[in-house]
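Q: Protein sequence lines correspond, in order, to chains A and B.
Each residue of the first sequence is one higher than the last, beginning at 1 in UniProt numbering.
Each residue of the second sequence is one higher than the last, beginning at 1 in UniProt numbering.
Don't take every hint at face value.
Which copy is meant is left open, because identical chains are indistinguishable; a pair holds if it fits in one copy or across any two.
Lysine-lysine pairs mimicking DSSO-like chemistry, simulated, CA-CA at most 30 Å apart [what the hints assert, rightly or not]:
id, residue 1, residue 2
1, LYS103, LYS81
2, LYS103, LYS171
3, LYS171, LYS210
4, LYS210, LYS261
5, LYS113, LYS210
6, LYS210, LYS254
7, LYS254, LYS113
8, LYS261, LYS7
9, LYS171, LYS261
10, LYS273, LYS81
11, LYS81, LYS246
12, LYS279, LYS7
13, LYS51, LYS113
14, LYS81, LYS261
15, LYS268, LYS113
It is worth saying that the hints were derived from the structure and are not from the lab.
This structure is a prediction, so every number in the text was calculated from the model and none was measured.
Protein chains: 2
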Amino acid sequence: MKLTDIKTILVAGAGTMGQQTAILAAISGYRVVMYDISDEILAKGVEGIRKNGDRMVRVGVCTSDACSLALEQITTTSDIKAAAVDADLVMESIPEDPELKGKFFGAINDHCKPETIFTTNTSSLVPSMFADRSGRPDKLCALHFHDVTLSKIVDVMPHPGTSSQTMDLVKAFAESMGQIPIVLARENNGYVFNNMLMSFIGSALSLAAKGVTSIQEIDRSWMGVMHTSVGPFGIMDSIGLDTCWKVTSYWANKRNDTQAKANAAFLKGYLDKNMYGIKTGQGFYTYPDPIFSRPDFMTM
Amino acid sequence: MKLTDIKTILVAGAGTMGQQTAILAAISGYRVVMYDISDEILAKGVEGIRKNGDRMVRVGVCTSDACSLALEQITTTSDIKAAAVDADLVMESIPEDPELKGKFFGAINDHCKPETIFTTNTSSLVPSMFADRSGRPDKLCALHFHDVTLSKIVDVMPHPGTSSQTMDLVKAFAESMGQIPIVLARENNGYVFNNMLMSFIGSALSLAAKGVTSIQEIDRSWMGVMHTSVGPFGIMDSIGLDTCWKVTSYWANKRNDTQAKANAAFLKGYLDKNMYGIKTGQGFYTYPDPIFSRPDFMTM
């Protein structure tokens, strides 16, 4: 299999990341089949794809005309056999459960061509957890996206059984969609950026949860030394406090880390008040026009 | 003691931070007495003060004329009694040894006025380690600077015995020098920014030391998602790999942290080859014109 042989992409999972990767692949000239378990979910997925298409036009990834053409390249199905049969490459963004992912890859393996490449967009798992169940571990690796309208950085990560041909091909595929692949030499939970982000955010949360100083002072401190327009709490508001809580509590429990558990509880306090960040208009800051964006924030 | 009563500042320690805080205080209109243990060290300190003055003119903190006037406001002495007798506020930047700091504060306590305020610029220690030995724990707190030509962020941190009057006065003093004080509610090792920086840098070092991917890919990943002009390894080059190693190995040993020890060893490998970062022209990158500053770095 060469890059030029890749024509049809199976996007599995019609949620946030499935919607983003579907429109990105379609804009890049690929035929896209989006699969999920029900037509209701798929209908919502298509709606989300349109919204993501609009966002990509707004940020200048493509023109409005190119986006309309791309949308025509996307079909949907809840029939797993129909989804698999023409796929040259699979981008999987189904729920974060190794059992579910193993079952999914095992099921499509029976219907896909032998040369079809499998990729997973998992954030919190690693491909070796379900590589054997895919039936083609050498053709499976991670292709992990951050928000495609905010960044072009993607992680390309093998598990111990991934072939170098698969890695090369997936890297070339990412580049063909205008992405910047960060190639990992070996499997590492949390990839590259997410590891750094979580350490950084964990440290900021610890300072606040321990009552060392206020959220505003912590952001001010980072922004003032690093000369950035946003600090860790502003970043968490953009990620979503639910996502931050999910990742923080997952690792806190896995590592039985007392401070991380306190940090998760600190975040939970906001969720209990329906403060999820930018998406609900209120998180650590109030949106639009959060105070950290005001010119006098550093000295107020 | 009120802010307007503060006229004369004793800067203790003629090293990097002493030089920076001396010129900053002088530019801000204070008389400055710089103290260190020998006239040789003080002569080098004065040379460093002049260089820091030039840097401050270059970055626009003050005019060349104001800098020249400020330099006239700085005197030096290796006589601890002469250094202490007129001081209204002390900024201490002597070596990072709690024993040494306790001894120093105890010694000047005998010669200073009863109302004189003591501040420590320690990075790795906390004031409670030597507060009692100062003889005036209520008048002692931390006033911690980052590089004054790169950032105006300063930490103002109490120990459990610091009075609120001392905190208010030191905050006002920092503001009188055009700084942005980050006020901590309680003592915390590593303050605010340094805690976040060390977590972030520690995570980046772990990725490299474990061989997950290259230094360039790690920086690219951070720069590409956060949209910054420098990543963690570029930042370490500007801090100095010796300082990064010192802090990393200090915490690695204190916490008996295996991964942090591996990270310290990774940094040591560069020091052994005389690669200290920007200051030696070679660290993780080659200076001037490091590749991460080139327009094509993200896709090279």
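Q: List, from low to high, the hint numbers that the structure doesn't satisfy.
A: 5, 7, 8, 9, 10, 11, 12, 13, 14 and 15
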